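Single-letter residue listing:
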Amino acid sequence: MPQVVIANRLRDGIVVFLGADRRWMERVQDCAPAISPEDAEKILDLGLQAERDQEVVGPILADVEQRDDGWFPIKRREAIRAAGPTHRADLGKQAED
Amino acid sequence: MYRYDEYDREFVEQRAKQFARQVERRLAGELSEEQFLPLRLMNGLYLQLHAYMLRINVPYGCLNTTQLRKLAHIARVYDKGYGHWTTRQNMQFNWIKLDDMPEILLELASVEMHGIQSSGNCIRNITADEYAGVAADELEDPRVYCELLRQWSSLHPEFSFLPRKFKIAITGARHDRAAVLAHDIGLRLHENDSGESGFEVFVGGGLGRTPFVGKSIRDFVATRDILAYCEAVLRVYNQLGRRDNKFKARIKILVHEMGAAAFAELVEKEYEFIKDGALELAKEEVERIRMHFAPPAYESLPDVSPALESQKAEDTAFATWCKNQLAAHKQPGYAIVNISCTPIGKPPGDIACDQMEALADLADEFNFGELRVTHNQNLVFTDIRKQDLHALWQKLVPLGLSTPNHGLITDTICCPGLDYCALANARSIPLAEKISERFADQERQEEIGEIYLNLSGCINACGHHHVGHIGIVGVDKKNSELYQLMLGGSADENASLGKILGPGFDEDGIVNAVEKVVDTYLEIREEGEKFIDTYRRVGPGPFKENVYRAPA
Amino acid sequence: MPLLKDGKLTDDPFVYVDGDAEIPADRAIIVPLARWKSDRDALRGRSAGLGVRLKSDESPAEIADDLDSLAVVALDFPVFKDGRSYSSARLLRERYGYQGEVRAVGDVGLEQLHFMQRAGFDAFEIDSDDPEKDWQTAQGDVSIWYQPTGDGRPTVAQQRKS
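Residue numbers (numbering that gives the first Met the number 0), protein chains in the order written: chain D, 0 to 96; chain Z, 0 to 551; chain E, 0 to 161.
Source of the hints: derived by calculation from the structure; they are not laboratory data.
Because the structure is a prediction, the values reported are computed rather than measured.
Heads up, simulated DSSO-like pairs for lysine-lysine below, C-alpha to C-alpha not over 30 Å straight-line:
hint : chain 1 : residue 1 : chain 2 : residue 2
1    : Z       : 515       : Z       : 322
2    : E       : 36        : Z       : 268
3    : E       : 80        : Z       : 268
4    : E       : 4         : E       : 132
5    : Z       : 543       : Z       : 515
6    : Z       : 247       : E       : 80
7    : Z       : 498       : Z       : 515
8    : Z       : 79        : D       : 74
9    : E       : 7         : Z       : 16
10   : E       : 54        : Z       : 245
11   : Z       : 247       : E       : 54
12   : Z       : 476       : Z       : 498
13   : E       : 132       : Z       : 16
14   : E       : 160       : Z       : 16
15   : Z       : 214       : Z       : 245
16   : Z       : 96        : E       : 80
17   : E       : 54        : Z       : 164
18   : E       : 80        : Z       : 245
19   : E       : 80        : E       : 36
20   : Z       : 433       : D       : 92
21   : Z       : 247       : Z       : 476
22   : Z       : 311       : Z       : 329
23   : Z       : 543       : Z       : 529
24   : Z       : 329       : Z       : 529
25   : E       : 80        : Z       : 164
26   : Z       : 274       : E       : 54
27   : Z       : 322       : Z       : 311
28   : E       : 54        : Z       : 268
29   : Z       : 394       : Z       : 345
30   : D       : 92        : Z       : 79
31   : Z       : 282       : E       : 160
32   : Z       : 247       : Z       : 164
Looking at chain D on its own, in the form it has when it is part of the complex:
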């Protein structure tokens, strides 16, 4: 199962996803998931280092799957974090697309 590191950015709390070159991306579609469990461990370590460097807070691994418009979280909690509140399409990342 591909996994991505998801966290909140320290300064503004915005949900971010670990992309290529250790960059934190605001859109889940731009994330760089790990395919193997070994790689997942590596990217989580990058996330934890970023937490120690005051970049993000609470990095965790989340399962993602490939959809028509790119990677998207499987679990409801992370899906809501990637999109926004389900009852208000005008809020969160879903409003910015």
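On the provided structure of chain D, position chains Z and E as indicated by the hints.
Showing chains Z and E alone in chain D's frame:
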């Protein structure tokens, strides 16, 4: 309402600056997230699913229009244009940036507001009857003591690192609108046989994963001794409350495990040492604070307003609103007005910045510049001349704030749930909206009558599901939301905890189940019998049978 | 660990003697409660300074009758979130009238200093690069207090009256 003096003002400003310094240390890496967490929580700042969430205290629900306009300003400038009233009579913003916090706290301090102790393992915002000071059934105004307790509990040197959070509520009326039996300490003002006023003290109530109704540990504590008595309770709890398990750390577990009588004995022993000491309330200070809650300049009016009566006769929508939203005022010619922030099909307790500003204007025009927040996530105008009701209503209608559902099934208490909250297991707001739409028909709602429907997105019970007449709690089952139904809860002076009726439901299933519960009630109720009384008379049996009957 | 006393870094004259370890002659020592209870008489007979360290779940009532013999009571914070020792400090000062040193040990940091001071602590083993600066920062943070405690600082209510 209470207004800050120079000391209170200085206190809040110092605290805002202190937090600015702590934010700086955090951003500079001098504080780890682990070290910073309790500091930001002590200032009301959580990290939720989408962003930081800031909880701002509205002390015992009292708000003036300057403050409401400031909340609107913060919603517009620092958030996404709306806020959310909570069950602790507070306001929450959901999209706050840590970078903005120092500025926001200074903005709040400028209108005598803050987020101090709106979270964390300390004494939280004191809550009270939303009709305090004006209710016809009130014995004494609890706000005086709320304010004294607020000051005593602010940055308490001994009680800022308690085993767990600590909630205090006070009622001064016969009918308990403050849910005091669901609090760590619940205080009920009453008079003893010699006409002296004091408090009955309940401890160990609370919801969450192990709910309890509070137990009375003392029938009477004279008002002047209430700080000393609370300090004794808190000291026993601080020393003996469990710290080995977060889920067993509330005072309710301590009281349950040792027994209320044994707990009371320890409190009495401690109280013996400290009563008549430095915490005894000085008359002058009590009177100084009481002055802040002096009634506004009421006009002397007849209790019946002929204008109102003819307006009601001419306008059925207005009459419906009056029938549901008004409560009896102690001053003739005035009414208490409930303003619903839970319109049909909308998130309970959410309010837009434009609505806040418009309400501030209305409160200035009609309500002496003040308003109240209720633990049911609605608002109250406490002092409306009956002759003004129609004019007020006409202005509420276009604002979307005239829903006449006070105490009806669509007047739901609902936590933010998985749409916002990092602790939630299931969504709650979309379900509240669906149930509300199912019961949207006003006539049907009124036919059903008083039902409190409370909804939480996890067992932590921020939506008070245990004390809803109908309670719903969401759980996560393999990435599907499952909702459990409980019946028979109540938060008033006859508080009881709801019992789970049977297996849970999916989102559509639970809406149908609620409807079946209501239909069963309508079928079997006796003349004039409220839902909760029917349930208490017949028990879960008939409800269970109808809800779980296989489709024919 | 640096010892901060009355706002100044000081040499700590006391050493901790853990468990059944041998007691150094002529050194001021701080012993755990259990050791105090078992060796009370012998410890009392020494001429060097003596202190007792209470864990956060040990009540100061246990040493209330012995306080005349003790130059230091060290109260432990296993983690800063464990606030039991705040109650212990207040009881020592306010109930038992203890005048000696009340020392905060364990997870002690800048952000807790002002609470500790008000509860009656006057010495702090603080984990910091610059304890004196921390002290100054904490002093500047908050000067308004609502609660009467044994440190005798005027409360807001008292200031209002005057």
